[in-house]
Amino acid sequence: MIQRIQSLYLGTVSIIMVAFLRVAVWVKVDLDGVCTIRPYALIASTGQHIIFPYGLSALLACCLIVTATYAIIRHDNRKLQLRLTAGMNRILVILLILILVLIKKAHIAYLLSGYGSYKIGIMLPFIALVANLLARYHIKKDEQLVNEDRLR
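Following the numbering used here, the numbering of the sequence shown begins with 374 at its first residue and continues without gaps.
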């Protein structure tokens, strides 16, 4: 059911991951140009797009969108929802670590001088992780209510 609080939290995770795919994560400005990291590529000021290691974060975000949507659809099976949200927690942590490693790699390899700044895209996986943890909490709470002998 969509009106359940855990469905709203899982929907929030999906929406945040869609927004994550659209915004910049990190920007570094140098005298020679600008280097931007988006979830799908590293974009240099020369117009060069480096996709290979950076596309993995977009793939993980798409996986999270599909998993969260499936967890919302399967609202009748709370045990499955608990397993899905546990897997989503792992994927979100891997995504966060991957982003930080890719930023460090881009900072060292591509532009050595200048300054780099984090953009809103770095916060979105953290917010999605909190929303996913809240969804998991409410699914557990709902499961405990169902397993008790008394009515809700």
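Hints listed in this document are in silico derivations from the structure and should not be mistaken for laboratory results. Note that the structure is predicted; figures quoted are calculated from it, not measured. Certain hints may be false.
As the list claims (entries may be wrong) - Derived lysine-lysine pairs resembling DSSO-like cross-links, with alpha carbons at most 30 Å apart: (1) 492 with 477; (2) 513 with 452; (3) 492 with 478; (4) 514 with 452.
What the hints assert, rightly or not - Computed beta-carbon distance windows for the label pairs: (5) 378 with 423: 38 to 44 Å; (6) 407 with 514: 24 to 30 Å; (7) 407 with 518: 48 to 54 Å; (8) 487 with 518: 53 to 59 Å; (9) 447 with 406: 45 to 51 Å; (10) 491 with 406: 17 to 23 Å; (11) 491 with 447: 16 to 22 Å; (12) 481 with 449: 45 to 51 Å.
Heads up, the beta-carbon is just placed ideally off N, CA and C, and yes, glycines get one too.
> Measuring from beta carbon to beta carbon, are residue 378 and residue 423 in 38 to 44 Å?
Replying inline: Given a distance of about 41 Å, which is inside 38 to 44 Å, the answer is holds.
> Taking 16 to 22 Å as the hint, is the beta-carbon distance of residue 491 and residue 447 inside that range?
Replying inline: violated (35 Å)
> Are residue 487 and residue 518 spaced within 53 to 59 Å by their CB atoms?
Replying inline: holds (55 Å)
> Range hint 48 to 54 Å: satisfied by the CB atoms of residue 407 and residue 518?
Replying inline: At 53 Å between Cβs, range holds.
> Lying within 17 to 23 Å: is that true of the beta-carbon distance residue 491 to residue 406?
Replying inline: holds (19 Å)
>> Against the range 45 to 51 Å, how does the distance between the Cβ atoms of residue 447 and residue 406 compare: consistent or not?
In response: Cβ of residue 447 to Cβ of residue 406: about 47 Å, so the range 45 to 51 Å holds.
>> For residue 492 and residue 477, compute the direct alpha-carbon distance and say whether it is at most 30 Å.
In response: Between residue 492 and residue 477 the Cα gap is close to 15 Å, so the pair holds against 30 Å.
>> So if I understand the rule, the pair passes when the alpha-carbon distance is 30 Å or less; does residue 492 with residue 478 pass?
In response: holds (17 Å)
>> Check whether the Cα positions of residue 513 and residue 452 lie no farther apart than 30 Å.
In response: holds (9 Å)
>> For residue 514 and residue 452, compute the direct alpha-carbon distance and say whether it is at most 30 Å.
In response: holds (12 Å)
> Between residue 407 and residue 514, does the C-beta distance stay in 24 to 30 Å?
Replying inline: At roughly 47 Å between Cβ atoms, residue 514 and residue 407 fall outside 24 to 30 Å, so the hint is violated.
> Is 45 to 51 Å right for how far apart the beta carbons of residue 481 and residue 449 are?
Replying inline: holds (49 Å)
Checked against the numbered hints given earlier, the structure breaks hints 6, 11 and satisfies all the rest.
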